[in-house]
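Novice: Residue numbers (the numbering used here), protein chains in the order written: chain A, 3 to 286; chain B, 8 to 507.
No wet-lab data here; the hints were simulated from the structure. There's no promise every hint is true.
[Stated by the list, open to error] Listed below are the simulated BS3-like cross-link pairs for lysine-lysine, each with C-alpha atoms no more than 30 angstroms apart in a straight line:
(1) A/LYS45 <-> B/LYS161
(2) B/LYS274 <-> A/LYS233
(3) B/LYS161 <-> A/LYS122
(4) B/LYS274 <-> A/LYS261
(5) A/LYS211 <-> B/LYS265
(6) B/LYS73 <-> B/LYS390
(7) A/LYS104 <-> A/LYS233
(8) B/LYS94 <-> A/LYS45
(9) B/LYS94 <-> A/LYS233
(10) B/LYS265 <-> A/LYS233
[Stated by the list, open to error] Here are a few chain A residues that face chain B, going by a calculated C-beta distance under 8 angstroms:
(11) MET3
(12) TYR67
(13) SER134
(14) THR279
Computed from a prediction, not measured in an experiment: that's the story for all the values here. Glycine residues also receive a C-beta, built at the ideal position from the N, C-alpha and C atoms.
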Amino acid sequence: MARVEVKKTYKLFVGGKFPRSESGRSYQPAGAPQVNVPRGSRKDLRDAVVAARKGYGDWSGRTGYNRGQIVYRLAEMLETRKDSLAEEIRACTDSTAAAAKKETESVIDLTTWYAGLCDKLQSLLGSQNSVSGPFFNFSTVEPTGVVTVIAPNQPSLLGLFGVMLPVLVGGNSVIALVSEDAPLAGMALGELLAVSDVPGGVVNLLCGKRDELEPQIASHRDIDAILKAGKPDPAMGEAAADSVKRVRYADLSDPQWKKPAEMRSLLWVEPFVEVKTFWHPVAY
Amino acid sequence: MAGKQATQSAAKPTLSFGEKWCYAPAPEATDHFEVADRHELFINGEFVKPKSGQYFDTINPATEEKISEVALANAADVDRAAKAAKKAAESWRKLPGEHRARYVFRIARILQERAREFAALESLDGGKPIREARDVDVPLAAAHFFYHAGWADKLDLAFPGERPEPIGVVGQVIPWNFPLLMAAWKLAPALACGNTVVLKPAETTPLTALRLAEVMQQAELPPGVVNIVTGAGETGGAVVEHPAMDKVAFTGSTAVGKAIQKALAGKGTDLTLELGGKAAHVIFEDAAIDQAVEGVVRGIYFNQGHVCCAGSRLLLQESIHDIFVQKLARRIERIRVGDPMDKNTDMGAINSQEQLARIEALVKSGEEEGAVLHQSSCTLPKKGFWFAPSFFTGVSQTNRVVQDEIFGPVLSILTFRTPEEAVEKANNTPYGLSAGIWTDKGSRILWMADRMRAGVIWNNTYNRFDPASPFGGFKESGFGREGGRQGMRAYLRFPGSLSQ
Chain A
3 MARVEVKKTY KLFVGGKFPR SESGRSYQPA GAPQVNVPRG SRKDLRDAVV AARKGYGDWS
63 GRTGYNRGQI VYRLAEMLET RKDSLAEEIR ACTDSTAAAA KKETESVIDL TTWYAGLCDK
123 LQSLLGSQNS VSGPFFNFST VEPTGVVTVI APNQPSLLGL FGVMLPVLVG GNSVIALVSE
183 DAPLAGMALG ELLAVSDVPG GVVNLLCGKR DELEPQIASH RDIDAILKAG KPDPAMGEAA
243 ADSVKRVRYA DLSDPQWKKP AEMRSLLWVE PFVEVKTFWH PVAY
Chain B
8 MAGKQATQSA AKPTLSFGEK WCYAPAPEAT DHFEVADRHE LFINGEFVKP KSGQYFDTIN
68 PATEEKISEV ALANAADVDR AAKAAKKAAE SWRKLPGEHR ARYVFRIARI LQERAREFAA
128 LESLDGGKPI REARDVDVPL AAAHFFYHAG WADKLDLAFP GERPEPIGVV GQVIPWNFPL
188 LMAAWKLAPA LACGNTVVLK PAETTPLTAL RLAEVMQQAE LPPGVVNIVT GAGETGGAVV
248 EHPAMDKVAF TGSTAVGKAI QKALAGKGTD LTLELGGKAA HVIFEDAAID QAVEGVVRGI
308 YFNQGHVCCA GSRLLLQESI HDIFVQKLAR RIERIRVGDP MDKNTDMGAI NSQEQLARIE
368 ALVKSGEEEG AVLHQSSCTL PKKGFWFAPS FFTGVSQTNR VVQDEIFGPV LSILTFRTPE
428 EAVEKANNTP YGLSAGIWTD KGSRILWMAD RMRAGVIWNN TYNRFDPASP FGGFKESGFG
488 REGGRQGMRA YLRFPGSLSQ
């Protein structure tokens, strides 16, 4: 007799915990109509922002070295789970087995690249400045704060990491809206984050309807920046201007995502850090 | 004014030198340059009459007398300027960096040669004391051109492996508080990075920017590389929304900055904003108190307080509150307020009637909310726009004078007990442009500076500026930096970067 499989309930990942949507709603993603996933609400977003604000305090206070080790730990966890992640990609997309395997491997490679960047940012983006006077003057970079990243529908997992990692390594906390049509691998990421020493609240995963959540993301005043996969979006930008959010768009449409090397970029980190300049007189 | 306290009564008895405190007038000469009765627009390397056919007056805020009339650019004029900039962009971006550098070096040198003329004109048109225009605004403006000239042929060194390219046409809108210096902050990096510019100076202070156009001519800058259109908000709006703009840079109020961000949302136009501030200036009990008093004066009364990074919220450790307030009250009695063209003047005229009204309204709200106003007893001139150096004690976090940017010589004083409380109060604002810290303990400075959410942290000093030092805000004080290597990013594009 064939074994009856235990199926997984997909849940949100907020503040290091796995809640269902407070709205009680779910939807059946286009890529996997047989699966119910939580349909995140405005209140779920607000809860995620509260969690992310707490997570920001923890994550931004850590050393680059420590952040690097934690992101590397995430790569280790991804490596052990790559087969199941590839299956979850396939379960909601038309990816071939080879393509799904390649995507997960690209995710691991990208994560490793960014892990090693964490303690290099000050050297690469900061400076000591030779001012014309008896002052010690230097500039460092600091995380912008709570950043929402909006993953593309495809590639569901690599696209999520492509927008999440540059924000995370800068010391920001992240609220990630995963692929609407193919959310399974993205939502499974919570299971890895929970065991890779990433403190609760540093990465929060939501899924749901973009049309419903994006306007809420754009207008939430305690979100400091947005990185959205896709073309520039006037409606999002207009709402975001009310609190002078930093807004950027990553075009992950073909053929760029097929070249994951393009996602390895200091240029994607730089918009989500703030330059702070320090002056002190030199005297005795 | 029920809440008002005469500062004299708060101060301890002091030595009186009577009339000996008075300085003989030391007027700055104005006979070495002329100001035309009428100023035209600067488009495609020439001064041209506006298509609008209209002119507006620019006055001396210290006397309310008309200095000159200035062309009012309408949408058609802005379009003409934008087309000139677009046309010039093709050859300017292709010019070897070394050649671009030469032009920018020339501009720096000519500004130095004509420094006194620019300083005097800046004081006349804007109301700031000649001492500041002469010693701060003009030398720093020249330094900005000199510094950035040196980058023009070293962009690949500035951003190794990032393949920087010029953006194209840049629209720049600048404020009235540092008219020439802000023009330099905007133009120098834009030109060095290979962009062409349409610059819109502030309505109340257009004269030094238009004189800078003469410098561009003297430097033989190719026509169209810099275009200057004068006018008010409508002209600025036409500049930032012109479809030829590949990038917009704005310095000014947060409200206008948000409107610009909204207008450009999703258009793919690069944008940098340098907006308002409400900086915390934190003084610990172990600080060198007399130096800190001088720092606070420099922080809030420099340029009549018309400074986006002014240290307008003073946070005093509780134990030194009384002595500090006493010393500050005495100190502001010694600030010489009056004729900006007198070389002894410390504080000049408020820039405009409109700004004076705003300061007066906010100060009134402070009194109505129960704060205690301390004000210098100085005599203010009869004509012109003036406001005496002032500060509030007994304020609470929610008072408008603590939350709103006053942009005038008005300080609000709060207290704290622990460093944690100082950080929390300092960061309790939507702004994040600058902050000040005074303490003798090095490790505490670094601990504090690490936690203050602001783009520039002055430690045991305040209001220092340098072209090599990146300047710009966190949070609602804007984004992007000006100055330093980091500031150059705002005027370049890099293959593979995210779009805005």
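Novice: Does each hint fit the structure? Answer for all of them.
Specialist: Hint by hint, here is what the structure shows:
no.: 1; hint: A/LYS45 <-> B/LYS161; verdict: 50 angstroms, violated
no.: 2; hint: B/LYS274 <-> A/LYS233; verdict: 10 angstroms, holds
no.: 3; hint: B/LYS161 <-> A/LYS122; verdict: 23 angstroms, holds
no.: 4; hint: B/LYS274 <-> A/LYS261; verdict: 26 angstroms, holds
no.: 5; hint: A/LYS211 <-> B/LYS265; verdict: 28 angstroms, holds
no.: 6; hint: B/LYS73 <-> B/LYS390; verdict: 13 angstroms, holds
no.: 7; hint: A/LYS104 <-> A/LYS233; verdict: 25 angstroms, holds
no.: 8; hint: B/LYS94 <-> A/LYS45; verdict: 51 angstroms, violated
no.: 9; hint: B/LYS94 <-> A/LYS233; verdict: 28 angstroms, holds
no.: 10; hint: B/LYS265 <-> A/LYS233; verdict: 21 angstroms, holds
no.: 11; hint: MET3; verdict: 54 angstroms, violated
no.: 12; hint: TYR67; verdict: 16 angstroms, violated
no.: 13; hint: SER134; verdict: 6 angstroms, holds
no.: 14; hint: THR279; verdict: 5 angstroms, holds
Hints 1, 8, 11, 12 from the earlier list are contradicted by this structure; the remaining hints agree with it.
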